[in-house]
Amino acid sequence: MVKPWQGSIHAENGTSCHDCHGGDPKDAVNAMNPARGFLGVPKEIEIPSFCGRCHIGIRDDYLQSAHGKALGHGGPTCVTCHGSHDVKKVTLDIINEKNCSRCHAYARAAELKAAMEQAEKQIVVIEERLKVYKGEGVNTDAREKALFSARNRYHRLFHEVNTAKVRAESAQIVTELDKIQRGFGNIEAERQKRKITGVVAVSGSLLAALLFYLLRKTYD
Amino acid sequence: MSLLKKIYCWIDVRIGAGELVEKELTGYLLPRNINVWYSMGSILLVIFFLQVVTGILLLVYYVPDADKAFHSVTFIMNNVPFGWLIRMCHAVGSNMMVLILLFHMLSVLFMGSYKSPREMNWLSGFILFNLVLAVSLTGYLLPWSQLSFWATTVATNSVGAIPYVGEFLVEFLRGGKLVGPATLGRFFALHVLLIPLTIAAVVGAHLFFLQRTGVSTPPFGLTDSRNQWQGDNYRYESHPGGIPFFPNYALQDMTSIAIYFAFFLGVFFFAPYIFFPADAFVPANPFLTPAHIKPEWYFLANYQTLKIFPSEFFGLAVQGAAMTFLALLPFIDRGVEKHPLKRPLFMVCAIGGILLYLALMIWGHYS
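As given, the protein sequences belong to chains A and B, one line each in that order.
Residue numbers are given in our numbering: position 66 of the first sequence equals residue 66, and the series is strictly consecutive.
Residue numbers are given in our numbering: position 44 of the second sequence equals residue 44, and the series is strictly consecutive.
Keep in mind the hints are simulated off the structure, nothing from the lab.
One or more hints might be untrue.
Taking lysine-lysine and the DSBU-like style, the derived pairs with C-alpha atoms no more than 30 Å apart in a straight line are [stated by the list, open to error]: (1) A:Lys-98 x A:Lys-69; (2) A:Lys-121 x A:Lys-193; (3) A:Lys-43 x A:Lys-3; (4) A:Lys-69 x A:Lys-113; (5) A:Lys-145 x B:Lys-68; (6) A:Lys-113 x A:Lys-195; (7) A:Lys-131 x B:Lys-177; (8) A:Lys-134 x B:Lys-68; (9) A:Lys-134 x B:Lys-294; (10) A:Lys-3 x B:Lys-294; (11) A:Lys-179 x A:Lys-134; (12) A:Lys-179 x A:Lys-217; (13) A:Lys-89 x A:Lys-145; (14) A:Lys-113 x A:Lys-179; (15) A:Lys-121 x A:Lys-165; (16) A:Lys-69 x A:Lys-89; (17) B:Lys-5 x A:Lys-217; (18) A:Lys-217 x B:Lys-23; (19) A:Lys-98 x A:Lys-113; (20) A:Lys-89 x A:Lys-179; (21) A:Lys-26 x B:Lys-177; (22) A:Lys-193 x A:Lys-89; (23) A:Lys-131 x B:Lys-68; (24) A:Lys-26 x A:Lys-121.
Input sequences plus hints: build the corresponding full structure.
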């Protein structure tokens with residue numbers, strides 16, 4: 001259980017065993033005591049509420065979807081698509097012929113995927129840029145919040161099967177993402193300005209060095 | 001008589017300015033074979049001045065509180081007009097100060113300028129070197145980033161290897177069992193007041209010793225490069241027929257300072273992040289240890305030395321012995337020859353030492 005978890009998005013975000021399964025990790029003897037809130041492994045029908053304690057919006061989306069409506073009647077639960085302990089950060093790759101064809105035809109899923117591709121690409125690009133900027137001391141808080149909001153809306157589309165709705169919502173998300181990306185232009189312009197200043201400053205210093213050197217030579 | 005000349009005359013008849021200029025500037029003669037390495041000290045004075053000025057400007061917005069320090073630095077970098085310039089100037093400047101100080105020490109070593117009667121010049125310089133390392137270490141914590149927090153944890157931890165008093169020293173340095181708000185408070189006080197004042201005082205002493213002993217003659221281009229001081233009585237090393245400090249060598253100083261600025265500004269504008277890993281811009285989190293905690297480049301050799309010995313105490317002892325040897329070098333090396341090529345044992349030890357230092361630094365970086 002531990003090894004798959006170690007490579008998961010949960011481990012990356014510091015979500016540990018007891019955060020999902022309950023219990024008291026500080027008391028080895030009573031760690032798995034139901035009196036200490038230990039939940040153990042949920043039954044199939046309980047899985048959406050089990051995961052939904054944190055992923056509230058996603059749970060609601062799922063329950064309203066065709067997948068959720070088939071819960072307990074052979075429909076998929078969270079772990080069917082996302083896995084249990086080796087849960088990875090969700091990308092569009094999760095919608096693929098191999099996964100979806102386990103239960104139904106892939107055609108509609110492919111249409112949904114196509115509608116969401118642009119937003120996904122932009123999110124990846126923005127995430128990368130923000131990571132770089134953050135590592136260079138740029139205050140990315142506001143942009144991260146905007147991305148967080150757009151990404152949440154985007155993730156909620158994953159459980160939607162209404163193609164028209166997904167298309168419309170994706171277009172709106174892309175507009176928001178465009179706005180974030182336009183902000184990067186300002187940062188780049190500022191950096192360009194600094195580089196030009198740098199060229200002037202370094203050239204000025206070298207010129208001053210040359211002048212001082214020549215002036216010194218006149219006294220030799 | 002021009003107004004300027006009138007003002008000069010007015011001052012001159014009162015305090016003897018002309019005599020002072022003659023004695024300390026135009027009549028202050030330096031050896032004819034003086035070289036560019038003698039201007040390292042002037043560059044260091046400029047850097048120290050810049051560090052003080054940028055440091056004071058940073059103090060306007062910096063908040064030395066564990067809850068606010070990181071945000072105040074982020075605010076300086078992103079919201080204060082030209083705040084990024086001041087902060088980066090201070091941070092890049094601190095690295096440059098260590099680099100130029102190392103060059104200064106190496107030039108003194110290779111030209112044998114530490115030899116009698118300049119023991120006190122060397123010792124005060126050596127103390128300055130340690131103070132600069134201390135001011136860099138204490139300043140490193142102030143942004144309260146992941147990097148600064150954990151690097152300080154590692155640095156203060158190593159003191160714990162000293163027998164008997166180690167644990168007490170760690171707690172004393174940190175102001176508690178762990179690096180925390182108390183550590184930030186005391187490092188802040190040390191960084192902005194106590195160490196800079198001590199540096200200023202020791203710089204004063206260093207210049208005083210230089211003024212009393214006179215500038216040493218470089219060993220290059222001479223038929224006799226031996227130390228001429230007999231040790232019998234006080235003697236100011238004058239250089240009759242030498243070149244005047246002003247304007248000749250002052251212009252050499254200005255040339256070197258301008259070249260330094262070209263280099264500094266080049267790093268500053270085109271590769272400022274060379275000194276900043278990504279962890280330097282993530283707020284400190286005592287509960288999340290980063291995968292690889294590395295100190296600044298000038299502590300990498302020390303860091304690696306601690307790692308290669310089976311016990312941290314041996315690592316510390318070896319470093320202590322090396323530093324003591326370096327501090328006492330003028331008392332150990334009593335030879336009169338100053339030319340490096342005529343001092344084969346010195347050359348082997350010096351080049352071997354430099355290569356070992358670089359190797360440990362690279363090893364520390366990649367380990």
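Does B:Lys-23 sit within 30 Å of A:Lys-217, going by the straight-line distance between their CA atoms? 23 Å, holds
Just to be careful, I want the Cα atoms of A:Lys-134 and B:Lys-68 compared with a cutoff of 30 Å; is the pair within it? 18 Å, holds
Sort out whether B:Lys-294 lies within 30 Å of A:Lys-3, counting only the CA atoms. Within the cut-off at roughly 28 Å; holds.
Distance restraint between A:Lys-121 and A:Lys-193, which requires alpha-carbon spacing of 30 Å or less: 29 Å, holds
Holds or violated: A:Lys-131 to B:Lys-177, with C-alpha atoms at most 30 Å apart: 33 Å, violated
A:Lys-121 and A:Lys-165: Cα distance at most 30 Å? 19 Å, holds
Does the alpha-carbon distance linking A:Lys-69 and A:Lys-89 stay inside the 30 Å limit? 25 Å, holds
Assess, step by step, whether the Cα of A:Lys-26 is no farther than 30 Å from the Cα of A:Lys-121, and give holds or violated. Distance of about 42 Å is beyond 30 Å: violated.
Keeping to a limit of 30 Å between CA atoms, is the pair of A:Lys-179 and A:Lys-134 held or broken? Holds, because 18 Å separates the two Cα atoms, which is no more than 30 Å.
Verify the proposed pairing of B:Lys-5 with A:Lys-217, using a straight-line Cα cut of 30 Å. 27 Å, holds
Would you mind confirming whether the straight-line C-alpha gap from A:Lys-113 to A:Lys-179 stays at or under 30 Å? 23 Å, holds
Pairwise hint evaluation, B:Lys-177 against A:Lys-26, where the allowed Cα distance is 30 Å at most: Judged against 30 Å, a Cα distance of about 22 Å means the pair holds.
Hint check: violations occur at hints 6, 7, 12, 22 and 24; the rest are consistent with the structure.
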